[in-house]
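Guided by the hints, dock chain Y onto chain G, whose structure is given.
Protein sequence lines, in the order shown, are assigned to chains G and Y.
Mind the numbering: the first sequence is residues 1 to 348 in this note's numbering, read in order.
Mind the numbering: the second sequence is residues 1001 to 1146 in this note's numbering, read in order.
Wrong hints could be hidden among the right ones.
[Unchecked claim] As a list, the in silico DMTMM-like pairs of lysine to aspartate or glutamate whose alpha-carbon atoms are at most 20 Å apart: (1) G:K263 with G:E290; (2) G:K107 with G:E136; (3) G:K231 with G:E251; (4) G:K162 with G:D63; (5) G:K303 with G:D221; (6) G:K152 with G:D189; (7) G:K162 with G:E136; (8) G:K86 with G:E285; (9) G:K133 with G:E65; (10) Y:K1088 with G:E285; (11) Y:K1088 with G:D312; (12) G:K3 with Y:E1003; (13) Y:K1088 with G:E290; (14) G:K326 with G:D175; (15) Y:K1088 with G:D314.
For the record, the hints were derived by calculation from the structure and aren't laboratory data.
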Amino acid sequence: MQKVKILFLCAASGIISIWGLYAYSKKVNNTPNGFIRLLPPHIATPHQILNVGANSWYIAGDDNEHFFLGNVTAPGYIMQVGSALKDTNINMLSISPVGQKIYKSAKLYVDAAGTYLFDGIGRQMFYDTLKRKHLEQRLMNAYFTSAVPVSKGTLILRAVDKKLKQHILLKYTADSIALNKNVLQKQVDGIFCTDGILQYDRVNAAIVYLYYYRNQFVRLDTNLNVLSIGKTIDTVSHVKLSVGSIASQQEVTMSAPPVVVNKASCISNGLLYVYSALKANNEDEQMFSESSDIDVYNVKSGKYLYSFFIHDIDHKKIRDFRVMGKWLLALNGNYISVHELRLPANMQ
Amino acid sequence: MIEIIVLLFVLLFVYAGSSKLMDYNKFRIELGKSPLLTAFAGKVAVVVPVTELIIAVLLVLSRTRLIALYASFTLMVMFTTYIIVILKWSDYIPCSCGGVLQQMNWNQHLIFNTVFILLGAAGVMLTASPGGRAKAVIPSEQLVTE
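For reference, chain Y alone in the conformation it holds in the complex:
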């Protein structure tokens, strides 16, 4: 189960990250049209795909898998928040975020992302961490020392 989740995330991030970098110019221009990102389009256009690829690598390495799952989860939450903000509160809706899965409309994107958020959370819960399941039953003292 956990392997399937990790595999899905690796596929998603490798595809999304590399397709953005391969057509970097288009991605940068599309991002520039976004009402939220105009000011930082240049930086975001590099940071997002690179982060995606780094997370994909960390997911593959078993030592860093848990942290990578947290990162995947956070990134998907950020993407989803971005979509909601664009749909709900933005003055206008740009045509597409470009690169990734261009055929989807914004609402399909939202559903797709939500599924991946849930997968990320499930992945975290299913991953055996040092100390394993015991942690769940250890009462608050452990949390305090943390």
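Next up, chain G with everything else stripped away, as it sits in the complex:
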């Protein structure tokens, strides 16, 4: 009997000690961050939701009528999603040459001009116009880690510069490559600290690079001249991450969870939408833990406008999202959902 009692005591103390650790970590991770969000009511209204049975889909883009999703486990598949989520269908792209090796990291990209499969490690891309059926190979003479098409035959690429050991941007056309090594500013290690999201603002014909780990986005013209540096509303101006190397596996990795400031982003109609991971001072803890915050900025002026929430689905925060007209498509876990946006007209 006594042994059972002691066992109970042991179990209880074990559970309580770990629980205490959890409570402490929660306190540390949820401290207010010294900024305030504007939260006008009823901006995003949930419209439709669909379980697609897999969390491997990502947003490839839109053509002003439909959203398109790619799949990380099957680079040749494309899912078309209408705003009502009703005309959803999945197709397989035919890629030529047949049997061409494509790296798993290849990313599908769709815009109003065409469909692209970017394979930066394989130094190739596959392209089709709007039909989205047969993608033709184009060999490229540069490695890259991210790409956006800005006009026919012209791409903006992000690559790693071996000498500087950091990310840089390039302008790529069929017969020329122009580098700009000074756009992305190194703060810690060069690779992780300059990581972010490369986007194109069609309305203003501007490139926008939003950093993951600091409160900044850089706006450039299509010749890679910096036009302005915008600030997101939080206070993380210097990257908070530490990098360690594991000799036994020959890898460089982060040695502590980084403070991610901006998790996902998109641009629509001259507005920059940013899914931010940080809690504002005026936000309710409960609310913050059950939804994802999206902050809206004017790309051109860099000005912060307002924020809204997308509620978690199945306890999952959004993984990626996209705005097309008045519709917002969000991915949470296995679910895709469409929300109707009513942006306050008096706040531009």
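What follows is chain Y alone, placed relative to chain G:
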């Protein structure tokens, strides 16, 4: 029976403890990624494997076997609670706890740990303590004097 349980625990702790210490740097970095342990990764990375090795030694010595079994049981409960907290309530799930039995995913880890918790409890119950089985039938007075 009890010998088998003790042997299993000794094997587990010696393997787990020494593999963590041998690749200490990797273990520390992996722990640092855990949302629960970021703040204490350095200390925990030393305390956990050392505790495991001490318990393994205490298990081998017959005088301290009972106390070591209690300790093993508590440690396994702590590991298991940690896994449950990570799986259920953490913002994100780190890729692996590193070092030990890396091939297992979190759910397999959970089952594995639960089996060891039960083994620990069984080990305690089966170990003859001073006074032996008599204790179970001695009514509450003994417990009060304790």
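Evaluation of the provided hints:
no.	hint	in the structure
1	G:K263 with G:E290	holds (16 Å)
2	G:K107 with G:E136	holds (15 Å)
3	G:K231 with G:E251	violated (32 Å)
4	G:K162 with G:D63	violated (36 Å)
5	G:K303 with G:D221	holds (18 Å)
6	G:K152 with G:D189	violated (35 Å)
7	G:K162 with G:E136	violated (30 Å)
8	G:K86 with G:E285	violated (35 Å)
9	G:K133 with G:E65	holds (17 Å)
10	Y:K1088 with G:E285	holds (18 Å)
11	Y:K1088 with G:D312	holds (15 Å)
12	G:K3 with Y:E1003	holds (19 Å)
13	Y:K1088 with G:E290	holds (14 Å)
14	G:K326 with G:D175	violated (39 Å)
15	Y:K1088 with G:D314	holds (12 Å)
In summary, the structure is inconsistent with hints 3, 4, 6, 7, 8, 14 from the numbered list given earlier, while agreeing with the others.
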